[in-house]
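Since chain A is already given, all that's left is putting chain B on it; use the hints.
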Amino acid sequence: MRLVLMLLLWASAALAQPEAPLVARLSQDRVEVSTTFDGASILVFGSTAQPIGPGGAEILIVTTGPQQPFTVRRRVRVLGMWFNGPSARFAAVPAFYSVAGTLPAWRLLPEALRSQYHLGLDVLPMASTGARAPQFRAALLSLKQEAGLWQEDSAPVEIGANRLFHSRLPLPATIPAGEYTVRVLLVESRRVVAEQVQRFVVERVGTAATIADVSRGQPLLYGVICVALAALAGWLGSIVFRRS
Amino acid sequence: MQVYLPIAEMSVDALLLVGIGFGVGWLSGLFGVGGGFLLTPALLLLGIPAPVAVASGANQVLGASTSGVIAQSRRGNVDWVMGLVLVAGGLFGSMIGIQLFAFLRSAGLVDAVVSIFYVVVLGSVGSLMVMESVRAILRRRADAPARLHQHFWMHGLPFKIRFRKSRLFISVVPPLLVGAGIGLLSAIMGVGGGFMLVPAMIYLLGIPTAVVIGTSLFQVVCVTSAVTIMSAWQLGSVDIVLTLLLLLGGVAGAQFGAQMGGRLRGEETRALLGLLVLAVAAMLFWGLIDTPDHMFSLGPG
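One line per chain: the protein sequences are A and B, in this order.
First residue of the first sequence? That's 19 in this note's numbering, and the numbers climb one at a time after it.
First residue of the second sequence? That's -14 in this note's numbering, and the numbers climb one at a time after it.
Next comes chain A alone, as it looks inside the complex (with noise of 0.2 angstroms):
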């Protein structure tokens, strides 16, 4: 219901201004992890000037999250036990990334346009230092996958009423904290027409935020609480729970 009004809204803000060949907007700009927080999911909406879908342009949504820097390690068997051996460093890829598009955007788009946007996870920059097998760069896509952190057409971009697209953008519960880019792209005979680029945050919220920036900004002064409180609940517990 409330996807209906908000696409409603918005067609006809749309059609008030008809010049803009395409304009996307977020339901929300704002995720907040507390922690009973088991994942959510953001509603990418908008419309288009010129008709798209079938015989018309197509839509294609890439979201992006903060760059954070991963090792991928290989298992290795020494002396019969398991140990994690060969590493790769990838310094620099999306904690998440998601592209989504009316249809896939291998078929709308040239390869080369594809790495300009960062549409797909084939074009994907992955540089990485160490272990050079490209088994590391595999492994790593399959386990962001696993983790429903690296998403790929994991459901088209819906269209309604020739000029309007939603696509939902599920989050799992292990969405690290960031800013998130969402480029909304309009692509008509293999290029890019028009673009819109919108923005979110992910913080976290309530007493568990609060523990995990005190033991990062305030490690020592952290460390002394934890002494101080196990004691006081050690020997506070001791009295409470005193048998005989």
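Heads up, a few of these hints could be off.
Label pairs and their calculated CB-CB ranges [what the hints assert, rightly or not]:
(1) 125/A - -14/B: 44 to 50 angstroms
(2) 151/A - 286/B: 16 to 22 angstroms
(3) -2/B - 234/A: 22 to 28 angstroms
(4) 4/B - 121/A: 49 to 55 angstroms
(5) 232/A - -2/B: 49 to 55 angstroms
(6) 109/A - 145/B: 54 to 60 angstroms
To be clear, the hints were calculated from the coordinates, so they are not data collected in a lab.
Note that the Cβ used here is the ideal one computed from N, Cα and C, for glycine as well.
Chain B in isolation, oriented as in the chain A frame:
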């Protein structure tokens, strides 16, 4: 009831953690040990990352031992001089341990090395306990007298000081080394080390049993405090939410366990504890040799 652990960065059932704390506390009360060597493996099996399991385990042992050291010092059962020598060694050992831990973490070897430490230490301590208690049970049947304090090479070492409470005049080197060894294990395994410290104090240093418990508890509290602070400072791996949930169950469990423990005989208790220690070692050993589901692992950094 799911609760988010801010440092481990994962959601765990709070009641499960309290339950684990209670179970380990109950066993530790029953057998009169700290229980860190059962707690950290339990956390590892739950999927808590090894650095967090170790650091929070040490923090929990600190909390669980606090009331004990207060009670023992009131009764005058702490040899403070011996305690300080052990703590001095312990601080040195735990500092080395934390550096080693930081290095292992950057090499991605923490999980395997923590498990190996557990398998080796628990395997040998468990075997010794079982053998020693079986021998004691047999000796009890044969009614043979046990040997008392004896002199050997250790008593020729320099830097002797008088430990009045322990009625000893020995070199500070052995207690320093014992303390350092326990400190190292504490930092890497997240244990207090009482299960090794107590036998070392009795058999190696010759400290009278009356002051052993109080003095070892004093060392354990000081060293686990140091491990907690250094882990929080250098590794950022202490999860206070995890610690407090475990303590909640642990303190209650220990009281029930201690009540039951009074009814068990010494040798039988030690044999049972030895078997339990061996079982934990076997479980962790299986984790090391079992073929993993994934041939690759993903970590930050």
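Here is what the structure says about each hint:
1. Checked against the hint of 44 to 50 angstroms, the C-beta distance between residue 125/A and residue -14/B comes to roughly 47 angstroms, which is consistent with it.
2. Our hint of 16 to 22 angstroms for residue 151/A and residue 286/B holds, since their Cβ atoms are close to 20 angstroms apart.
3. For the hinted restraint 22 to 28 angstroms between residue -2/B and residue 234/A, the CB-CB distance of approximately 26 angstroms keeps it satisfied.
4. For the hinted restraint 49 to 55 angstroms between residue 4/B and residue 121/A, the CB-CB distance of approximately 51 angstroms keeps it satisfied.
5. Between residue 232/A and residue -2/B the beta carbon distance is about 25 angstroms. The supplied range of 49 to 55 angstroms is therefore violated.
6. Look at residue 109/A against residue 145/B: about 57 angstroms separates their beta carbons, and that is inside 54 to 60 angstroms.
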